[in-house]
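Chemist: Throw the hints in and build the complete structure from the sequences for me.
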Amino acid sequence: PQEAPPAEAPSQGQAAPAEQTTPGGVRYTVIQAASEPMTAQPGDVVVAHYTGKFENGEPFDTSLRPTTVGRFTFVRPFVFVLGQGQVIKGWDEGIAGMKVGEKRMLVIPPEMAYGKAGAGGGVIPPDATLVFEVHLVGLWRPDAEGQAAAPAQ
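In my numbering, the protein residues as written are 1 to 153.
Read the hints as simulated data drawn from the structure, not as lab findings.
Among the clues, some could well be false.
[Claimed, not checked] Ranges of calculated distance between the beta carbons of each label pair, as one might list FRET restraints:
#1 Gly24 - Arg71: 41 to 47 Å
#2 Glu58 - Glu19: 20 to 26 Å
#3 Phe72 - Glu36: 26 to 32 Å
#4 Asp143 - Phe60: 35 to 41 Å
#5 Arg71 - Ile31: 33 to 39 Å
#6 Gly70 - Gly97: 24 to 30 Å
#7 Ala117 - Gly25: 16 to 22 Å
#8 Gly25 - Val81: 19 to 25 Å
#9 Thr51 - Gly24: 18 to 24 Å
#10 Gly115 - Gln41: 22 to 28 Å
#11 Arg65 - Pro42: 27 to 33 Å
[As the list claims (entries may be wrong)] Lysine-lysine pairs mimicking PhoX-like chemistry, simulated, CA-CA at most 20 Å apart:
#12 Lys116 - Lys103
#13 Lys89 - Lys99
#14 Lys53 - Lys116
#15 Lys103 - Lys53
#16 Lys89 - Lys53
#17 Lys116 - Lys89
Since the structure is predicted, the reported quantities are computational estimates derived from the model, not experimental observations.
Glycine included, C-beta positions come from ideal geometry on N, C-alpha and C.
Modeler: Below, the structure is given as structure tokens:
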């Protein structure tokens, strides 16, 4: 009997996802496409789940860690405004253009992450390349009056 291909391998007759590179050097691959017509742009409120790993596959952070408040346990997505410097530069570049429901693998070079300083009190060492799997679960585009528009469906 033949062994099954690894889970990340494309199905027979299906091309492997193409890696793309942003102007700042963030490499990304769409690992789950979405049909939502609205794409994330600077100024949008982005709601995402993520898992961050080092190049060797060792995880260092995730939004999928359960949080318990009283009797309730849930996972809380990460929310930020895209393109406003609230996150590392690699996220601002790598998430731009994503559609709600899309998943991307981002490979972020040190200069687009935490650079020579590292972060987290030594959790992320200096000059670390970071790998994130990001799932865009929601998107709000403020309207002309600055009010949040309805979430993208």
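Chemist: Next step is simple, just say for each hint if it's right about the structure.
Modeler: For each hint, the structure was consulted:
1. Gly24 - Arg71: 41 to 47 Å: About 44 Å separates the Cβ atoms of Gly24 and Arg71, which means 41 to 47 Å holds.
2. Glu58 - Glu19: 20 to 26 Å: 22 Å, holds
3. Phe72 - Glu36: 26 to 32 Å: 29 Å, holds
4. Asp143 - Phe60: 35 to 41 Å: 37 Å, holds
5. Arg71 - Ile31: 33 to 39 Å: For Arg71 and Ile31 the Cβ distance comes to about 35 Å; the hint holds.
6. Gly70 - Gly97: 24 to 30 Å: Violated, at about 39 Å.
7. Ala117 - Gly25: 16 to 22 Å: The hint (16 to 22 Å, Cβ to Cβ) holds, given that Ala117 and Gly25 are roughly 18 Å apart.
8. Gly25 - Val81: 19 to 25 Å: 23 Å, holds
9. Thr51 - Gly24: 18 to 24 Å: 22 Å, holds
10. Gly115 - Gln41: 22 to 28 Å: 26 Å, holds
11. Arg65 - Pro42: 27 to 33 Å: Once the Cβ atoms are compared, 28 Å apart, the range 27 to 33 Å for Pro42 and Arg65 holds.
12. Lys116 - Lys103: Violated - the C-alpha atoms of Lys103 and Lys116 are around 28 Å apart, more than 20 Å.
13. Lys89 - Lys99: Holds, at about 19 Å.
14. Lys53 - Lys116: 18 Å, holds
15. Lys103 - Lys53: Given pair Lys103, Lys53 holds - Cα atoms ~15 Å apart, limit 20 Å.
16. Lys89 - Lys53: Judged against 20 Å, a Cα distance of about 17 Å means the pair holds.
17. Lys116 - Lys89: The given pair, whose Cα atoms are some 14 Å apart, holds under the 20 Å limit.
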